[in-house]
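Novice: Chain order of the listed sequences is A and B.
With this note's numbering applied, the first sequence covers 18 to 130.
With this note's numbering applied, the second sequence covers 47 to 160.
A couple of the hints might just be wrong.
Claimed, not checked - Here are the computed distance ranges between Cβ atoms for each label pair: (1) B:T66 <-> A:S112: 27 to 35 Å; (2) A:D55 <-> B:E98: 27 to 35 Å; (3) A:P92 <-> B:D127: 39 to 47 Å; (4) B:P160 <-> A:S86: 44 to 52 Å; (5) B:Q129 <-> A:R94: 40 to 48 Å; (6) B:G143 <-> A:S112: 13 to 21 Å; (7) B:Q60 <-> A:T87: 45 to 53 Å; (8) B:A62 <-> A:G68: 42 to 50 Å; (9) B:I157 <-> A:T130: 27 to 35 Å; (10) B:D77 <-> A:R126: 33 to 41 Å.
Stated by the list, open to error - Reference excerpt, derived from the structure (chain B facing chain A, CB under 10 Å, subset only): (11) V50; (12) Q52; (13) Y83; (14) R89; (15) Q90; (16) M91; (17) I92; (18) L93; (19) R96; (20) F137; (21) C138; (22) A139; (23) K141; (24) F150; (25) G151.
Hints listed in this document are in silico derivations from the structure and should not be mistaken for laboratory results.
Positions of the beta carbon are idealized from the N, C-alpha and C atoms, including for glycine.
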Amino acid sequence: NAGVTQTPKFRILKIGQSMTLQCTQDMNHNYMYWYRQDPGMGLKLIYYSVGAGITDKGEVPNGYNVSRSTTEDFPLRLELAAPSQTSVYFCASRSHQSSYEQYFGPGTRLTVT
Amino acid sequence: AQTVTQSQPEMSVQEAETVTLSCTYDTSESDYYLFWYKQPPSRQMILVIRQEAYKQQNATENRFSVNFQKAAKSFSLKISDSQLGDAAMYFCAYKGGGADGLTFGKGTHLIIQP
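Whole structure, please, built from the sequences with the hints as guidance.
Specialist: Below you can see the structure in the form of structure tokens.
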């Protein structure tokens, strides 16, 4: 079991560029999440999905889009990168049978300059 | 919206000693879950311990235990026999009945002095 994997590990974007952060889990989890972690802060929820084809906004969704075409994958899209999106991005997943325990990927450090 | 507050930005403890990290939360719900996550320098988020609000008994995992005070909305983490590998950021997190996902505090940086 690889658990939750994220690519890339690091990325530098120029303002206005677009990119997709990839997230894959091999635990057959229904629920998947995207969080961002700004320096000195806790994680904040961007988007989440309760199953393939179903997504919903979290606390800080502006500037991002998601899709969930399969159980395994939950990509996060940045359309027009802005310096305010410089952050570390974490993907997580959980089973519908768990007590809300989430398993996290290793994170992607994104810098927008 | 629920909020989670960790009032100690940084704590320091001698190796083999005991340390307690504080967490308070604000909610009007009666049914919820609380978590402590550890984030070492590798950045990986690791679940340390979980507490269900309906359970009166405090959760324990080896050297880690919690003091859950529901009426006071307090959820502190006690680490006994501190080890060098315990050095990390520790985040308190809440899961209630609203939007799925966890609400995190800002974290406490734990330093272990050898």
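Novice: Hint by hint, say whether it matches the structure.
Specialist: Consistency of the hints with the structure:
1. One distance hint, 27 to 35 Å for the beta-carbon pair B:T66 and A:S112, holds here, with the actual separation near 31 Å.
2. For the pair A:D55 and B:E98, the supplied restraint of 27 to 35 Å holds, since their beta-carbon distance comes to about 30 Å.
3. Evaluation of the 39 to 47 Å hint for A:P92 and B:D127 yields a pass: the beta carbon distance comes to about 43 Å.
4. Checked against the given bound of 44 to 52 Å, the beta carbons of B:P160 and A:S86, roughly 50 Å apart, stay inside it.
5. As the Cβ distance of B:Q129 to A:R94 is approximately 41 Å, the hint placing it in 40 to 48 Å holds.
6. Judged by the Cβ atoms, the range 13 to 21 Å given for B:G143 and A:S112 holds: they are separated by roughly 19 Å.
7. Restraint check, B:Q60 to A:T87: a C-beta distance of roughly 49 Å satisfies the suggested window 45 to 53 Å.
8. For the pair B:A62 and A:G68, the beta carbons lie near 47 Å from each other, so the given range of 42 to 50 Å is met.
9. Remark: the range hint 27 to 35 Å for B:I157 to A:T130 is upheld by a beta-carbon distance near 32 Å.
10. A C-beta distance of roughly 36 Å is found between B:D77 and A:R126, which places it inside the suggested range of 33 to 41 Å.
11. Because the beta carbon of B:V50 sits about 7 Å from the nearest beta carbon in chain A, less than 10 Å, this interface hint is met.
12. About 8 Å separates the beta-carbon of B:Q52 from the nearest beta-carbon of chain A, less than 10 Å, and the hint is met.
13. A distance limit of 10 Å between C-beta atoms decides the matter here; for B:Y83 the minimum to chain A is near 8 Å, and the interface restraint holds.
14. The beta carbon of B:R89 is positioned within 10 Å of a beta carbon in chain A (closest approach about 5 Å), and the interface hint is therefore held.
15. With a cut of 10 Å, the hint placing B:Q90 at the interface with chain A holds, because the nearest CB-to-CB distance is about 6 Å.
16. Satisfaction of the interface hint for B:M91 is found here, the shortest Cβ-Cβ separation to chain A being roughly 4 Å, below the 10 Å cut-off.
17. Annotation: B:I92 was flagged as interfacial toward chain A, and the flag holds, the nearest CB pair being 8 Å apart, inside 10 Å.
18. Hint status for B:L93 relative to chain A: holds, with the closest Cβ pair at about 6 Å, below 10 Å.
19. Hint status for B:R96: holds, given a least beta-carbon distance of 6 Å to chain A, under 10 Å.
20. Interface hint at B:F137: satisfied, since its Cβ lies 5 Å from the closest Cβ of chain A, which is below the 10 Å cut-off.
21. Given the 10 Å rule on beta carbons, the hint for B:C138 holds: about 8 Å separates it from the nearest Cβ of chain A.
22. Hint status for B:A139 relative to chain A: holds, with the closest Cβ pair at about 8 Å, below 10 Å.
23. For B:K141, the shortest C-beta to C-beta distance to chain A is roughly 4 Å, which falls under 10 Å, so the interface hint holds.
24. Contact between B:F150 and chain A, as hinted, is supported at the beta carbon level, the nearest pair being about 3 Å apart and thus within 10 Å.
25. The interface hint given for B:G151 holds, since its Cβ lies 5 Å from the closest Cβ of chain A, which is under the 10 Å cut-off.
Going through the hint list in order, the structure satisfies each hint without exception.
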